[in-house]
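Enquirer: Residue numbers (the UniProt record's numbering), protein chains in the order written: chain Z, 1 to 329; chain C, 1 to 329.
No wet-lab data here; the hints were simulated from the structure. Misleading hints may appear alongside valid ones.
If chains are identical, the list can't say which one is meant, so a pair holds when it fits in one copy or spans any two.
Mimicking DSS-like on lysine-lysine, the simulated pairs with C-alpha atoms at most 30 Å apart in a straight line are [claimed, not checked]:
id, residue 1, residue 2
1, Lys193, Lys223
2, Lys223, Lys169
3, Lys223, Lys288
4, Lys198, Lys223
5, Lys198, Lys62
Protein chains: 2
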Amino acid sequence: MNKQIKVFAPATVANVACGFDVLGFALNEPGDEVILQTTDSNEVTLSKITGDGGKLPLDVSKNTAAAVIKHYLAHIGSRQGIDIQLHKRMPLGSGLGSSAASAVAGLFAVNELLGSPLTRAELLPFAMEGERIASGAAHADNVAPALLGGFVLVRSYNPLDIVSIPFPKDLVATVVHPQIEIRTEDARSILKKSILLKDAIQQWGNIGGLIAGLIQGDYDLIKRSLQDVIIEPVRSLLIPNFDKVKQAALESGALGCSISGSGPSIFALSNSLAIAGEIASAMRKELKVIGIDCDVYISPINNVGARVLGVQQEKGENLVFTHSSYAND
Amino acid sequence: MNKQIKVFAPATVANVACGFDVLGFALNEPGDEVILQTTDSNEVTLSKITGDGGKLPLDVSKNTAAAVIKHYLAHIGSRQGIDIQLHKRMPLGSGLGSSAASAVAGLFAVNELLGSPLTRAELLPFAMEGERIASGAAHADNVAPALLGGFVLVRSYNPLDIVSIPFPKDLVATVVHPQIEIRTEDARSILKKSILLKDAIQQWGNIGGLIAGLIQGDYDLIKRSLQDVIIEPVRSLLIPNFDKVKQAALESGALGCSISGSGPSIFALSNSLAIAGEIASAMRKELKVIGIDCDVYISPINNVGARVLGVQQEKGENLVFTHSSYAND
Chain Z
1 MNKQIKVFAP ATVANVACGF DVLGFALNEP GDEVILQTTD SNEVTLSKIT
51 GDGGKLPLDV SKNTAAAVIK HYLAHIGSRQ GIDIQLHKRM PLGSGLGSSA
101 ASAVAGLFAV NELLGSPLTR AELLPFAMEG ERIASGAAHA DNVAPALLGG
151 FVLVRSYNPL DIVSIPFPKD LVATVVHPQI EIRTEDARSI LKKSILLKDA
201 IQQWGNIGGL IAGLIQGDYD LIKRSLQDVI IEPVRSLLIP NFDKVKQAAL
251 ESGALGCSIS GSGPSIFALS NSLAIAGEIA SAMRKELKVI GIDCDVYISP
301 INNVGARVLG VQQEKGENLV FTHSSYAND
Chain C
1 MNKQIKVFAP ATVANVACGF DVLGFALNEP GDEVILQTTD SNEVTLSKIT
51 GDGGKLPLDV SKNTAAAVIK HYLAHIGSRQ GIDIQLHKRM PLGSGLGSSA
101 ASAVAGLFAV NELLGSPLTR AELLPFAMEG ERIASGAAHA DNVAPALLGG
151 FVLVRSYNPL DIVSIPFPKD LVATVVHPQI EIRTEDARSI LKKSILLKDA
201 IQQWGNIGGL IAGLIQGDYD LIKRSLQDVI IEPVRSLLIP NFDKVKQAAL
251 ESGALGCSIS GSGPSIFALS NSLAIAGEIA SAMRKELKVI GIDCDVYISP
301 INNVGARVLG VQQEKGENLV FTHSSYAND
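Bound-form chain Z, shown alone (with noise of 0.2 Å):
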């Protein structure tokens, strides 16, 4: 009697400006979707990729989201077999935390599969793992937001310590994903190993008002404190018109702009919806101008994280979807 479950696990933005590697936050939309199913054998299958434009590998083996069900299953010691399908929702390569997504979707999905052993913060480590495989660099700051849902600060790396940072409920993200290709390798060569005292001193300075203005709501003081003076005026370079799309993001009333992750992506944040709908025009009237297209994302702080969509008991009966608009999917 084998179960199937479905599992949405969302986008995120890292780095939020100030927040180089230790800041990041979970969008509604968009995410990646998996389907997993128990099987008799006792292997880890993946028969379906869909949304990946043929990109991504099926061996299971180099594929993000097997490799970490295969890790996990080895941790708890389990045999179960598994067939994955993964269907991405949301763009590779984008610096919107697309490797994060596939392995926290897959991770949560097996998890649930097999009665939750572990809790959310515990598969954070295999999610990172994921991320290792999928960039050579075990990070956090995409992996625990879309895991835990809303602004995650990863304090240390060593011992791995993860802090939920509590936020204004009306805050609002904008994301233009301009349809250029940047290798997050490139990204993080473009950078220095050393920086000076003076930049990194106003660097914690707006990091420590960050924080302090989402736990207290102080949309003014997160407006302020949004400001990257480190790793943006570098990578920003491989961003066509970044200056232009970020004055036009600002101009229509966004509290800041960034870089989403590595990039190419860039986010804004704002306190209206509405607001957030002027922001993405301008942002990409901006792009517009010289030629590049752009996707665009409007999306709450999603405060969730990875979730249950559906679960289907036994073969042959309907799927009994917690969202009802995934029910057709």
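With chain Z fixed as given, assemble chain C onto it according to the hints.
Expert: Positioned in the frame of chain Z, the structure of chain C alone reads:
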């Protein structure tokens, strides 16, 4: 009809581990007292300094308190004559914001004498000017908490942006001041102008965690975050037996322990007066071992900042003090 006012401004702990140059807090004691009296001349005079062991200049142009008062009077266009008595009730060159306490006490007093034309926040730039006179750099991380009380984040210097950070009310500071001398200039010059990006990332994780812990009253998070991987490892070389003093504090229940300002004072934070006392004994013992005496201060966080101790409206009348303990001072 001349008027006299007595004002106290507290000692302060700047840097606060991971908050180099951006975070400070105020103590209840020690601190400085000034007595200001209006005079019939147009001059600012400095008639008396006590408690400085003869180290501070009586020259009005060189004394920090006198200089900032002159600067203040010029700014508001007043030719009021003022005589100053400065009573140092705290050690000089201790890393506890001695010059900040003098400047803030003087400014707060003259502003009160003249009917408070400026707010506390508006006095801040004048107090920073005092820091420039005293140490060559217009730092705000001592003067801001001395003026405003509590924990203060200097989010930005340009423009100046000072953010008061709520904190749990049980927080207590233990401060030991070893009887050795470190010049602020030496403590500055030992620092490198560049730091590793990976160290900076750790630091902004910790400052984010500390701010979140303070606001949310999460002692465990405060404890995990009170770490300085950049400044303390370098500056602690100037303080004999620092590592053992710190270890003793932590083993006695301190949430964290680091250098106060540019040293040589060492502060520890805890969440009860009883623990703070045990920490003090343990720290003192580790200094005693190598033959160094120290002053010890145990103080809840001062949430008031500079305050009026007493006002005398007319010559000959009795002083009416707001705190009777100071009446016979």
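Enquirer: Hint numbers the structure violates, sorted upward?
Expert: As far as the earlier hints go, not one is violated by this structure.
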